[in-house]
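Please arrange chain G on chain W, whose structure you already have, making use of the hints.
Protein chains in written order, with the numbering used here: chain W, 20 to 581; chain G, 20 to 581.
Accuracy of the hints is not assured; some may be wrong.
The list cannot tell twin chains apart, which means a pair is met if one copy fits it or any two copies do.
Unchecked claim - Straight-line distance between alpha carbons at most 35 Å, and here's what the computed DSBU-like set of lysine-lysine pairs gives:
{"hint": "1", "residue 1": "356", "residue 2": "210"}
{"hint": "2", "residue 1": "388", "residue 2": "210"}
{"hint": "3", "residue 1": "356", "residue 2": "231"}
{"hint": "4", "residue 1": "375", "residue 2": "212"}
For the record, the hints were derived by calculation from the structure and aren't laboratory data.
2 protein chains.
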Amino acid sequence: MADVAHKLANGATRIDFQTDPARYKHWKLSVDGDVATLTLDVDENGGLFEGYQLKMNSYDLGVDIELADAIERLRFEHPGVKVVLLRSGKDRIFCAGANIRMLAGSAHAHKVNFCKFTNETRNGMEDSSENSGQSFICVASGATAGGGYELALAADHIILVDDGSSSVSLPEVPLLAVLPGTGGLTRVSDKRKVRRDHADVFCTIEEGIKGKRAVQWRLVDELVPASRLDETVKARAKERAAKSTRKADGEGIRLTPLGRAFRDNGISYGFVTVEIDRARRTATITLKGADQAPPADVAALGGLGAAFWPLQLARELDDAILELRNNEFEIGTLIFKSEGEAARVAAHDAFLEANKAHWLVNEIRHYWKRVLKRVDVTSRTIVTVIEPGSCFAGTLAELVFAADRSYMLIGSLEGDNRPPAALTLTRANFGPYPMCHGLTRLQSRFLGEPDSVGRAEVRIGEAIEAEEADKLGLVTFALDDIDWADELRVFLEERTSFSPDALTGMEANLRFGGPETMESKIFARLTAWQNWIFQRPNAVGEEGALRRYGSGVRPSYDLRRV
Amino acid sequence: MADVAHKLANGATRIDFQTDPARYKHWKLSVDGDVATLTLDVDENGGLFEGYQLKMNSYDLGVDIELADAIERLRFEHPGVKVVLLRSGKDRIFCAGANIRMLAGSAHAHKVNFCKFTNETRNGMEDSSENSGQSFICVASGATAGGGYELALAADHIILVDDGSSSVSLPEVPLLAVLPGTGGLTRVSDKRKVRRDHADVFCTIEEGIKGKRAVQWRLVDELVPASRLDETVKARAKERAAKSTRKADGEGIRLTPLGRAFRDNGISYGFVTVEIDRARRTATITLKGADQAPPADVAALGGLGAAFWPLQLARELDDAILELRNNEFEIGTLIFKSEGEAARVAAHDAFLEANKAHWLVNEIRHYWKRVLKRVDVTSRTIVTVIEPGSCFAGTLAELVFAADRSYMLIGSLEGDNRPPAALTLTRANFGPYPMCHGLTRLQSRFLGEPDSVGRAEVRIGEAIEAEEADKLGLVTFALDDIDWADELRVFLEERTSFSPDALTGMEANLRFGGPETMESKIFARLTAWQNWIFQRPNAVGEEGALRRYGSGVRPSYDLRRV
Numbered sequence: 020m021a022d023v024a025h026k027l028a029n030g031a032t033r034i035d036f037q038t039d040p041a042r043y044k045h046w047k048l049s050v051d052g053d054v055a056t057l058t059l060d061v062d063e064n065g066g067l068f069e070g071y072q073l074k075m076n077s078y079d080l081g082v083d084i085e086l087a088d089a090i091e092r093l094r095f096e097h098p099g100v101k102v103v104l105l106r107s108g109k110d111r112i113f114c115a116g117a118n119i120r121m122l123a124g125s126a127h128a129h130k131v132n133f134c135k136f137t138n139e140t141r142n143g144m145e146d147s148s149e150n151s152g153q154s155f156i157c158v159a160s161g162a163t164a165g166g167g168y169e170l171a172l173a174a175d176h177i178i179l180v181d182d183g184s185s186s187v188s189l190p191e192v193p194l195l196a197v198l199p200g201t202g203g204l205t206r207v208s209d210k211r212k213v214r215r216d217h218a219d220v221f222c223t224i225e226e227g228i229k230g231k232r233a234v235q236w237r238l239v240d241e242l243v244p245a246s247r248l249d250e251t252v253k254a255r256a257k258e259r260a261a262k263s264t265r266k267a268d269g270e271g272i273r274l275t276p277l278g279r280a281f282r283d284n285g286i287s288y289g290f291v292t293v294e295i296d297r298a299r300r301t302a303t304i305t306l307k308g309a310d311q312a313p314p315a316d317v318a319a320l321g322g323l324g325a326a327f328w329p330l331q332l333a334r335e336l337d338d339a340i341l342e343l344r345n346n347e348f349e350i351g352t353l354i355f356k357s358e359g360e361a362a363r364v365a366a367h368d369a370f371l372e373a374n375k376a377h378w379l380v381n382e383i384r385h386y387w388k389r390v391l392k393r394v395d396v397t398s399r400t401i402v403t404v405i406e407p408g409s410c411f412a413g414t415l416a417e418l419v420f421a422a423d424r425s426y427m428l429i430g431s432l433e434g435d436n437r438p439p440a441a442l443t444l445t446r447a448n449f450g451p452y453p454m455c456h457g458l459t460r461l462q463s464r465f466l467g468e469p470d471s472v473g474r475a476e477v478r479i480g481e482a483i484e485a486e487e488a489d490k491l492g493l494v495t496f497a498l499d500d501i502d503w504a505d506e507l508r509v510f511l512e513e514r515t516s517f518s519p520d521a522l523t524g525m526e527a528n529l530r531f532g533g534p535e536t537m538e539s540k541i542f543a544r545l546t547a548w549q550n551w552i553f554q555r556p557n558a559v560g561e562e563g564a565l566r567r568y569g570s571g572v573r574p575s576y577d578l579r580r581v
Numbered sequence: 020m021a022d023v024a025h026k027l028a029n030g031a032t033r034i035d036f037q038t039d040p041a042r043y044k045h046w047k048l049s050v051d052g053d054v055a056t057l058t059l060d061v062d063e064n065g066g067l068f069e070g071y072q073l074k075m076n077s078y079d080l081g082v083d084i085e086l087a088d089a090i091e092r093l094r095f096e097h098p099g100v101k102v103v104l105l106r107s108g109k110d111r112i113f114c115a116g117a118n119i120r121m122l123a124g125s126a127h128a129h130k131v132n133f134c135k136f137t138n139e140t141r142n143g144m145e146d147s148s149e150n151s152g153q154s155f156i157c158v159a160s161g162a163t164a165g166g167g168y169e170l171a172l173a174a175d176h177i178i179l180v181d182d183g184s185s186s187v188s189l190p191e192v193p194l195l196a197v198l199p200g201t202g203g204l205t206r207v208s209d210k211r212k213v214r215r216d217h218a219d220v221f222c223t224i225e226e227g228i229k230g231k232r233a234v235q236w237r238l239v240d241e242l243v244p245a246s247r248l249d250e251t252v253k254a255r256a257k258e259r260a261a262k263s264t265r266k267a268d269g270e271g272i273r274l275t276p277l278g279r280a281f282r283d284n285g286i287s288y289g290f291v292t293v294e295i296d297r298a299r300r301t302a303t304i305t306l307k308g309a310d311q312a313p314p315a316d317v318a319a320l321g322g323l324g325a326a327f328w329p330l331q332l333a334r335e336l337d338d339a340i341l342e343l344r345n346n347e348f349e350i351g352t353l354i355f356k357s358e359g360e361a362a363r364v365a366a367h368d369a370f371l372e373a374n375k376a377h378w379l380v381n382e383i384r385h386y387w388k389r390v391l392k393r394v395d396v397t398s399r400t401i402v403t404v405i406e407p408g409s410c411f412a413g414t415l416a417e418l419v420f421a422a423d424r425s426y427m428l429i430g431s432l433e434g435d436n437r438p439p440a441a442l443t444l445t446r447a448n449f450g451p452y453p454m455c456h457g458l459t460r461l462q463s464r465f466l467g468e469p470d471s472v473g474r475a476e477v478r479i480g481e482a483i484e485a486e487e488a489d490k491l492g493l494v495t496f497a498l499d500d501i502d503w504a505d506e507l508r509v510f511l512e513e514r515t516s517f518s519p520d521a522l523t524g525m526e527a528n529l530r531f532g533g534p535e536t537m538e539s540k541i542f543a544r545l546t547a548w549q550n551w552i553f554q555r556p557n558a559v560g561e562e563g564a565l566r567r568y569g570s571g572v573r574p575s576y577d578l579r580r581v
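Chain W extracted, bound-state conformation:
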């Protein structure tokens, strides 16, 4: 089975997740009053990797990095925008979905991480609609196929053009022998609640469905003749803008470029440092606490802009996670550490909590929520280490609860006269950052002893030292000086000796006990099935559908059902 990655285009050596509208190759972002338009007009020759052209508005990860950037900028830079139109810049095609040649030539790990990122972007659109009052209208003009329809599915309202040829489709199963990889099956069944037999028919019709049946089967929301398209889109945008909860009461802030320095074995940001140990296959991600107290009032926020500590830290952490996920496949374990004053971290949490009704504070908190969710679904072992000098308080303490396990030092190490490590809880640990299955990390941790959540809550604000944290169930291991270094070393060595695949599967199962939501089903159920299918010879083998696509030769399948 082919597991050789395409070469990155233009001599690039890593995938970069930072961009801005001036550099977009594939999307155009325009704003007119309270309506923004995101126009997809893919540059065929602008692929992220060599070896394929992005024909028919098909996309690769590079296209989606721009979309993700635009979605974030709409929230932070455009507080006045209440409705976002998703449109095609090409005739007779909305979007043909993920590029097939890109998929056929990608390493398994790239395919999986590509799907994960596109899923996160679409979840981000729904989060924007739900929590920022920016709702999405998709104008499906022309073929809206595969990932193209999955993009439409992330919108609140899908308008299909009634021109005899515009259609929606999920042709992955009949055409490519894979599944729709960006939530398509789950959104068809759980968001749009298409009847399961209709869904079965829909997902096996290569050419898709057009006209009235698409509305009857709830695949789209309305059907509009081309002659009335523009007026209808305008009317729908106006209606949605009128109902938006968006508070257009301030200037946006610029998401300025992140300051980053790449080293052979790490990355340095302003508040985040990544140190890679290739022998141990670990990356240590150290988060620095705030360098100053939060501003006196929310009016000062605009002046700080993207340099406001919680926002800058979140953006840097997000970038670091994406860098490691997509450029460092052999790094199996992420070790979170922190440095700084817990009191200042807690003070920032208090500031955010006190001003949560303010649009920018609201955006920052939801941004943190999304970054932490990204950590949760990262398929690397996560361990958080709490030592003297660390500042795991509130928002940062979520990284203790997001970890597969945590180690906390009792007292101090020999020769270190800093006070013992402490963990501090704030209100941020009890609500604003739910995981993708709807529970807070503490609720999820204490599924079997729900009273422990309350026992932790009454300790908000206290500096909780190791033995007490252990007693409260907040850390996995509290260890003293004598055991500390050995235990950590043995753990990391042992972890490195296990099969990366088995760890990925195990962690994906253990991290999300309890309830499920559409979002968690996408990551847990659909993703796992897709990963399976992405390994099957029927899809990726020499005679499989992905490899044979476009060759004129039909795929040859192993006919056994599993």
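Below, chain G alone, put in the same frame as chain W:
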């Protein structure tokens, strides 16, 4: 990757799911008053396939077929039993789990179906506890490892012997580079609600956990010294028996051997016929309606025994599904048909509904529920065809709603003067047979239009013809004489042309819209991850952990995280 199956032992050509206690090789079933004991004492040389020995009470599908048989017999043949003890017949080992050499040498499809069946058996134990008042106590004496601990997890109460060596463990990840395949991860997190970091530690310790920590981490319910073991087991059994809801008010009925005749291309049972078309890769399963009216009252039931139509039909259907699943991997589509009088089928539903408080009727209805669940998780396309002469009423109509799609004929075919096909709803379609995610098949079908459930419910008892059934949303396609044969032919041909893997993944996603339960998480989430891992070279490749196990050579892993 090795995908060649072991040869079946003793010259057998198919896996048989029918057995009885007199033929058990691996389990002993004994009954003493209201307490039954199931003793696992595996015959090393009694493996289902050639090429391995079942050492250390490890199991293969053959061992689990006996367990599944015993669980059913306890419910039907032993109404007086209120508590079932699971014990080992060997010293110092409870059960070492699924046999590793068996796994290493099995075809992918066999491994997956093996895990599916063992999952269904363990779900059946929990169903027995919940709905039949037969609760399970597992006595974990000695090593209780992997599938052995997963068996324990299916029990209501786990007693771990405190002898310095008895332990529970899930060593799959560190030892074999696979996941616990029989619900272990899900039951640890969702049933026993073990804290996620404790679960992470537990699932990566090859030697497992013994003593007090096993209780503290909720991995077992109590720790008992060997000297007090027997008295404690007796006391727990007595306590549980006293609380049981089991109604010991009748004689059991014998689950007599099924009458079956195997042909090259099919199987004939009393009320079920299977016709295999190898060219089209379909199996048509025809269910015959009742040959007589239900008895006048419940007192007559004992006399009918296993020949009572609903019970015999359910047992035959269950066996047919298992036969096809495990012996006919290339049959991609199951076509359900029925023949008989709908009124008689409905009359049996009415009889069951009226007498549902009777222990045997209760058992029969829960048995149907389990058989229908088995259909739901069968990884073959399911299509139900409703023609003149069919009797899809109530319980049988569930096979219309379990199907990926259904076809119903409008009117009659030329030359057939039987009345047009009709569908009949009964109370059985509105409650007693929930799917594994907790919804009825009609609720699941109508997720997007819940009022349609009510619209169907008021039509209970009517003979609903095709166009009306279509209007009510009960069938996928209502077709007349002109289109009928062509549409069905094209559908079956097209389905056969698709990748079996992609269809499996698609159907698994579309069949279970809406909520999730522990059971559905086991089949949807854990199974999908396990299927993925069962394909990965790190597990099953020449240098993978499963293949290298016991060779003295360490596995060599692809270190990339996916």
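Right, here's what the structure says about each hint:
1. 356 / 210: between (38 Å within a copy, 32 Å between copies)
2. 388 / 210: both (21 Å within a copy, 28 Å between copies)
3. 356 / 231: So residue 356 and residue 231 pass the 35 Å test across copies only (32 Å; inside, 56 Å).
4. 375 / 212: both (33 Å within a copy, 33 Å between copies)
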